[in-house]
Amino acid sequence: MRYHIGNLLRGSLSGQTGWPAQWRDPAPKPSYEAIVVGAGGHGLATAYYLASRYGVNRVAVLEKGWLGGGNTGRNTTIVRSNYLWQESQGIYEHAMKLWQDLSHELNYNVMYSARGVLTLAHSVHDIQIVKRHVHANRLSGIDNEWLTPAQTKEFCPPLNISPSLRYPVLGASLQRRGGTARHDAVAWGFARAADRLGVDIIQNCEVTAIRRGPDGAVTGVETTRGAIAAPKIGVVAAGHTSHVMAMADVRMPLESYTLQALVSEPVKPVLPCVVMSNGVHAYISQSDKGELVIGSGTDQYLSYAQTGALHISTHTLEAISDLFPAFRRMRMLRNWGGIVDVTVDRSPIVGLTPVPGLFVNCGWGTGGFKATPGSGEVFAATIAKGVPHPIAAPFSMERFRTGRLIDEAAAAGVAH
Amino acid sequence: MLNIRCPYCEEDRPEIEFRNAGEAHIARPDEPDRVDDRQWADFLYTRDNPKGWHAERWRHVHGCGRFFNAVRHSVDDRILLTYKAGEPKPDIERMLREREA
Numbered sequence: 000m001r002y003h004i005g006n007l008l009r010g011s012l013s014g015q016t017g018w019p020a021q022w023r024d025p026a027p028k029p030s031y032e033a034i035v036v037g038a039g040g041h042g043l044a045t046a047y048y049l050a051s052r053y054g055v056n057r058v059a060v061l062e063k064g065w066l067g068g069g070n071t072g073r074n075t076t077i078v079r080s081n082y083l084w085q086e087s088q089g090i091y092e093h094a095m096k097l098w099q100d101l102s103h104e105l106n107y108n109v110m111y112s113a114r115g116v117l118t119l120a121h122s123v124h125d126i127q128i129v130k131r132h133v134h135a136n137r138l139s140g141i142d143n144e145w146l147t148p149a150q151t152k153e154f155c156p157p158l159n160i161s162p163s164l165r166y167p168v169l170g171a172s173l174q175r176r177g178g179t180a181r182h183d184a185v186a187w188g189f190a191r192a193a194d195r196l197g198v199d200i201i202q203n204c205e206v207t208a209i210r211r212g213p214d215g216a217v218t219g220v221e222t223t224r225g226a227i228a229a230p231k232i233g234v235v236a237a238g239h240t241s242h243v244m245a246m247a248d249v250r251m252p253l254e255s256y257t258l259q260a261l262v263s264e265p266v267k268p269v270l271p272c273v274v275m276s277n278g279v280h281a282y283i284s285q286s287d288k289g290e291l292v293i294g295s296g297t298d299q300y301l302s303y304a305q306t307g308a309l310h311i312s313t314h315t316l317e318a319i320s321d322l323f324p325a326f327r328r329m330r331m332l333r334n335w336g337g338i339v340d341v342t343v344d345r346s347p348i349v350g351l352t353p354v355p356g357l358f359v360n361c362g363w364g365t366g367g368f369k370a371t372p373g374s375g376e377v378f379a380a381t382i383a384k385g386v387p388h389p390i391a392a393p394f395s396m397e398r399f400r401t402g403r404l405i406d407e408a409a410a411a412g413v414a415h
Numbered sequence: 000m001l002n003i004r005c006p007y008c009e010e011d012r013p014e015i016e017f018r019n020a021g022e023a024h025i026a027r028p029d030e031p032d033r034v035d036d037r038q039w040a041d042f043l044y045t046r047d048n049p050k051g052w053h054a055e056r057w058r059h060v061h062g063c064g065r066f067f068n069a070v071r072h073s074v075d076d077r078i079l080l081t082y083k084a085g086e087p088k089p090d091i092e093r094m095l096r097e098r099e100a
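If you're matching them up, the sequences are chains P and R in order.
For the first sequence, position 282 (counting from the first letter as 1) is numbered 281 according to numbering that gives the first Met the number 0, and the numbering increases by one without interruption.
For the second sequence, position 40 (counting from the first letter as 1) is numbered 39 according to numbering that gives the first Met the number 0, and the numbering increases by one without interruption.
Just to be clear, a hint being listed does not mean it is correct.
Quick list of simulated restraints, FRET-style, between CB atoms [unchecked claim]:
id	chain 1	residue 1	chain 2	residue 2	range
1	P	ALA245	R	ARG77	37 to 45 Å
2	P	ILE4	R	GLY21	30 to 38 Å
3	R	LEU80	P	GLY140	50 to 58 Å
4	P	ARG250	R	VAL74	14 to 22 Å
5	P	THR306	R	PRO87	30 to 38 Å
6	R	ASN2	P	LYS28	28 to 36 Å
Think of the hints as simulated: they come from the structure by calculation, not from any bench.
We put the CB at the ideal spot given by N, CA and C, even for glycine.
Please put together the full structure from these sequences, using the hints given.
And the structure:
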């Protein structure tokens, strides 16, 4: 069913009953043209673009849990494209352009809200780094601007710009097109749109082995719901990528860590934009429900536990309390962790693997949500054509051998 | 927060006294000019990243300052043992069997 003003009005008059399921719950078929492992945002976007733009409709998305239940449902929903290196600008700006029309394209309100993303500078070094990003972005035609402390305060009134802060706010960059989107709606919107195009989204179906033929190429997977054949497999398993790729004897340049986030009790609108600080390591926005959504750091050690240490989130809350004195008495309702797959240069891996027919999209680390549509689009093109999409090409696994890293880790100057 | 035993200090201490230093037992190639780019990439970047038992380096930065190794489970955070740097990687499977026996 396509949503339009008529059936939405009917729904509101009939107590919102009678809506059909947004996607089917199909049993796996014996074979597909392509299998996507992982029904998070990136995997569902991959399936949607395979079917909508690249003519591959017989696609299965296999998910060991429920769709959108991993990092897609756990992140802090920030959208921006103000990265330093041209390769990164290419892929994140590609995503940004897709975000701007995504609700319309999917016929599903993903609640993309261009409320602006502030990145704070707290030291001379921060100012230099942030201004370098601003200039690099503008040279590439990506909007980003430098604000003085007073201008920053004007854009974000609850922010404390007192010079007596331990880490005073000395200015900020502002990307006005940046903002937030509703994370669950992104997963649901892509799932519904992909399902309408014939994609089978198969939940509670864990991949247990990757089958390969005598020539080494993939022939399918074994799952908890039986064997499924396909000549192409795209692994989009985030923190569990190393685990899945090991089934094809591929070792990855990845380490998995727990990244935490928190939400406060809901309050009336108080924070008009997204505020990020690499220096004191905190980022915050306010959801449409009114909760303050706060991103914290990673634990220092490899983990699949989905439970971060309390001292990590405490550290973030101390920084938030300094920057926003008005929030000091707020109560935190929940905190949680997601498993993020981190590369040494903090840039993703999108492309081919040493195994014919096996593709991988991973390494988005602590900031993959913003890339969801762009990542899915270029990965779908890569799977369909068997060669890297031009935007994805710099993000190949080969860069770790050639040394052509895309070092956003050093560029961001951020701890994780 | 983890509780970690430093094998040099022989004390159980909270995690904030320590810094994790990644996977253990990754040896730098003995003859660097004889390895190719693939082997260098493996040494520098490729990691096991297991969902399970993991041998990893720790440094007691706010204690004795020395590096040591630990075998920790990456899902439930249980630490099987800690041991001094330079000691061989323990046979984890055998240790687990002996514990159960």
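Hints and how they fare:
1. P:ALA245 / R:ARG77: 37 to 45 Å: For ARG77 (chain R) against ALA245 (chain P), whose Cβ atoms are near 22 Å apart, the range 37 to 45 Å is violated.
2. P:ILE4 / R:GLY21: 30 to 38 Å: violated, 55 Å
3. R:LEU80 / P:GLY140: 50 to 58 Å: holds, 56 Å
4. P:ARG250 / R:VAL74: 14 to 22 Å: Between ARG250 (chain P) and VAL74 (chain R), where Cβ atoms are some 19 Å apart, the hint holds.
5. P:THR306 / R:PRO87: 30 to 38 Å: Once the Cβ atoms are compared, 32 Å apart, the range 30 to 38 Å for PRO87 (chain R) and THR306 (chain P) holds.
6. R:ASN2 / P:LYS28: 28 to 36 Å: violated, 50 Å
In terms of the numbered hints stated before, the structure departs from hints 1, 2 and 6, listed from lowest to highest.
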